[in-house]
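J.: Read off the chains here:
Number of protein chains: 2
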Amino acid sequence: MSQRTLLLLSQDNAHYERLLKAAHLPHLRILRADSEAEAKAKIGEAHILMAEPARARPLLAQASKLVWLQSTYAGVDILLGPGERRDYQLTNVRGIFGPLMSEYVFGHLLALTRQIVHYREQQRQKVWQSRPYESLRGKTLLILGTGSIGQHIAQTGHHFGMQVLGVSRSGRERPGFTQVYQVPALNKVLPQADVIVSVLPSTRETRHLFNAERFSYCKPSAIFFNVGRGSAVDSTALLTALRTGKLGFAVLDVFEQEPLPADSPLWGQPNLTITPHNSAYSFPEDVAQIFIRNYIRFIDGQPMDGKIDFDKGY
Amino acid sequence: MSQRTLLLLSQDNAHYERLLKAAHLPHLRILRADSEAEAKAKIGEAHILMAEPARARPLLAQASKLVWLQSTYAGVDILLGPGERRDYQLTNVRGIFGPLMSEYVFGHLLALTRQIVHYREQQRQKVWQSRPYESLRGKTLLILGTGSIGQHIAQTGHHFGMQVLGVSRSGRERPGFTQVYQVPALNKVLPQADVIVSVLPSTRETRHLFNAERFSYCKPSAIFFNVGRGSAVDSTALLTALRTGKLGFAVLDVFEQEPLPADSPLWGQPNLTITPHNSAYSFPEDVAQIFIRNYIRFIDGQPMDGKIDFDKGY
Numbered sequence: 001m002s003q004r005t006l007l008l009l010s011q012d013n014a015h016y017e018r019l020l021k022a023a024h025l026p027h028l029r030i031l032r033a034d035s036e037a038e039a040k041a042k043i044g045e046a047h048i049l050m051a052e053p054a055r056a057r058p059l060l061a062q063a064s065k066l067v068w069l070q071s072t073y074a075g076v077d078i079l080l081g082p083g084e085r086r087d088y089q090l091t092n093v094r095g096i097f098g099p100l101m102s103e104y105v106f107g108h109l110l111a112l113t114r115q116i117v118h119y120r121e122q123q124r125q126k127v128w129q130s131r132p133y134e135s136l137r138g139k140t141l142l143i144l145g146t147g148s149i150g151q152h153i154a155q156t157g158h159h160f161g162m163q164v165l166g167v168s169r170s171g172r173e174r175p176g177f178t179q180v181y182q183v184p185a186l187n188k189v190l191p192q193a194d195v196i197v198s199v200l201p202s203t204r205e206t207r208h209l210f211n212a213e214r215f216s217y218c219k220p221s222a223i224f225f226n227v228g229r230g231s232a233v234d235s236t237a238l239l240t241a242l243r244t245g246k247l248g249f250a251v252l253d254v255f256e257q258e259p260l261p262a263d264s265p266l267w268g269q270p271n272l273t274i275t276p277h278n279s280a281y282s283f284p285e286d287v288a289q290i291f292i293r294n295y296i297r298f299i300d301g302q303p304m305d306g307k308i309d310f311d312k313g314y
Numbered sequence: 001m002s003q004r005t006l007l008l009l010s011q012d013n014a015h016y017e018r019l020l021k022a023a024h025l026p027h028l029r030i031l032r033a034d035s036e037a038e039a040k041a042k043i044g045e046a047h048i049l050m051a052e053p054a055r056a057r058p059l060l061a062q063a064s065k066l067v068w069l070q071s072t073y074a075g076v077d078i079l080l081g082p083g084e085r086r087d088y089q090l091t092n093v094r095g096i097f098g099p100l101m102s103e104y105v106f107g108h109l110l111a112l113t114r115q116i117v118h119y120r121e122q123q124r125q126k127v128w129q130s131r132p133y134e135s136l137r138g139k140t141l142l143i144l145g146t147g148s149i150g151q152h153i154a155q156t157g158h159h160f161g162m163q164v165l166g167v168s169r170s171g172r173e174r175p176g177f178t179q180v181y182q183v184p185a186l187n188k189v190l191p192q193a194d195v196i197v198s199v200l201p202s203t204r205e206t207r208h209l210f211n212a213e214r215f216s217y218c219k220p221s222a223i224f225f226n227v228g229r230g231s232a233v234d235s236t237a238l239l240t241a242l243r244t245g246k247l248g249f250a251v252l253d254v255f256e257q258e259p260l261p262a263d264s265p266l267w268g269q270p271n272l273t274i275t276p277h278n279s280a281y282s283f284p285e286d287v288a289q290i291f292i293r294n295y296i297r298f299i300d301g302q303p304m305d306g307k308i309d310f311d312k313g314y
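Residue numbers (full-length UniProt numbering), protein chains in the order written: chain A, 1 to 314; chain B, 1 to 314.
A few of these clues could be false.
Since the list can't tell identical chains apart, any single copy or any two copies may satisfy a pair.
Below 20 angstroms or equal to it, Euclidean Cα-Cα: the simulated DMTMM-like pairs (lysine to aspartate or glutamate) are [claimed, not checked]:
#1 K126 with E258
#2 K139 with E285
#3 K139 with D286
#4 K188 with D77
#5 K42 with D12
#6 K65 with E38
#7 K42 with E285
#8 K126 with E256
#9 K65 with E36
#10 K126 with D263
#11 K65 with E84
What the hints contain is simulated information worked out from the structure, not anything from laboratory work.
From just these sequences and the hints, can you work out the full model?
T.: Right, dumping it as structure tokens:
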């Protein structure tokens, strides 16, 4: 087999280079592009890219030898727009974000139910006073998206004694879920949910799935998380729901526009928590492992993990 | 069988009365004492007390018919001091605190690792900026006390991919723990721990178990929780460890003196979180269920759940 050239296009290039060289992958030459100029100079040599989607996209037209792009992120939607190339294999990273997303969701959820910020303020004032709270046990958790991330969050909810419902395109049963519904049943399921978590990808079907009508079906005490993609939520409708008491609280890690513009009214909403799209992070050790496994399959002509269907969009 | 009189001595009397009357327990007359005066007037009639330990203690000398006291709390140490009565059956509530303690520990732990307070501050300033963080996965959790609470916390740690070590008097294997050590091995285990959780009861052996020497064995980055009893920690030594970087952070729900006095230097320590002894709460539904089960055993002459050994102290 002839040699293949891999070009690294990420903020963790040095780390990836070290991990991949240590793996002694056969027939693989590893190049790094740490700047835009370097990327432009080397892109024509690359058969394989290991890249952040936003760094790769403007270079694809020049990537004349490209056969495979391994995204270092889960979200690859910017590579799927109309007019984008589709004549290569695109794989994303899957299976490593579930534990991190669970940490994020349950960290923020328990910080709210256990009123951690309130007690911090009380401590500043040296006040010893307890406030009532409720356990997660017996509460209902609704998860939109029942893939590996949704399943991990479901299992964490189950561990904390929650009833876990899911919504997916197929409505297929999944481990960790008491019941999974199809998207058209969403309005019937929403009124039961104490906690709602969207891990949905960005597709035509998920765009503004959470609009004013959806929020009108939520419990006024419900806590809404978006850790999937910003496009699933109409943020104007969300803000209105939070302001008018149709929804209790929201925790958002993803937005329609990122970074969230400084003049967004979301920043100042008291019953809303904003984090800068970091609920899960692609730790280089995990991503490198995925690449190594996929490379072996690639040279053997086997199907790779995380292969994206350009039509479905995930 | 002759009738027995139960006297309720708690802040949730009305709630307990309703729940127990609805259970139609045979041969049981239920009285309430909502004030000190009422308690003094009725204590002589009571065969059974369902009580907060601190409310019951000053009345025990007058409780001439007492045969059984069901504590509504887990902690009964104030009923076990020298000179206290021992001629009755004392039971506490067990098994209901594990899930609540897990919520507290992991809520505070994830709030720290995911820097929730920091992002809240950033949101106020409309700043979109991510900071590195580490997953709980692969970290080592050390739990002091391997009873039902410790086991639940262990299982939660295991769910989040942590390695879970335990320390107990016996060192016996317990579900959820990778390995359990005896107390004399503590100094050898401490240097491995990223997170330390004490759920120890107050006994002679646990008094100031965490002193300056112990803290000198901790990782400088370690996070220390006390959700057991305040007496297990020498708070002066803890404060010194936090100030001199021998310990990274502490989260305390229990103290040697409660409420924590307003002049305690603990209040102002930045790498210390204080909560007012509410990591777990005796929800009346749960406690009533325990009483009902125990009452059936009591009238059948069977051993009751949560029976305290006056010599061991738990």
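J.: With 20 angstroms as the alpha-carbon cut-off, assign the pair K126 and D263 to within, between, both or neither.
T.: Only across copies: K126 and D263 sit 9 angstroms apart there, 36 angstroms inside one copy, limit 20 angstroms.
J.: Using 20 angstroms as the alpha-carbon threshold, which applies to K42 and E285: within, between, both, or neither?
T.: neither (25 angstroms within a copy, 68 angstroms between copies)
J.: Using 20 angstroms as the alpha-carbon threshold, which applies to K139 and D286: within, between, both, or neither?
T.: between (33 angstroms within a copy, 16 angstroms between copies)
J.: Measure nothing new, just compare the shortest in-copy and cross-copy C-alpha distances for K65 and E36 to 20 angstroms and report within, between, both or neither.
T.: Answer is within; shortest intra-copy Cα gap is 19 angstroms, inter-copy 86 angstroms.
J.: For the identical chains here, do K42 and D12 meet the 20 angstroms Cα criterion within one copy, between copies, both, or neither?
T.: within (18 angstroms within a copy, 73 angstroms between copies)
J.: Given identical chains, is K126 near E258, meaning Cα to Cα at most 20 angstroms, within a copy, between copies, both, or neither?
T.: Cα proximity of K126 and E258: across copies only (13 angstroms, versus 39 angstroms in one copy).
J.: How would you classify K65 and E84 at a CA-CA limit of 20 angstroms: within, between, both, or neither?
T.: within (16 angstroms within a copy, 85 angstroms between copies)
J.: Evaluate K139 and E285 at a C-alpha cut-off of 20 angstroms and name the case that applies: within, between, both or neither.
T.: Only across copies: K139 and E285 sit 16 angstroms apart there, 36 angstroms inside one copy, limit 20 angstroms.
J.: When Cα atoms must be at most 20 angstroms apart, do K65 and E38 count as within-copy, between-copy, both, or neither?
T.: within (17 angstroms within a copy, 88 angstroms between copies)
J.: At most 20 angstroms between CA atoms: does that hold for K188 and D77 within a copy, between copies, both, or neither?
T.: Intra 29 angstroms, inter 50 angstroms, cutoff 20 angstroms: neither.
J.: Treating 20 angstroms as the Cα threshold, decide for K126 and E256: within, between, both or neither.
T.: between (41 angstroms within a copy, 16 angstroms between copies)
Violated hints, listed in ascending order, are 4, 7; each of the other numbered hints is respected by the structure.
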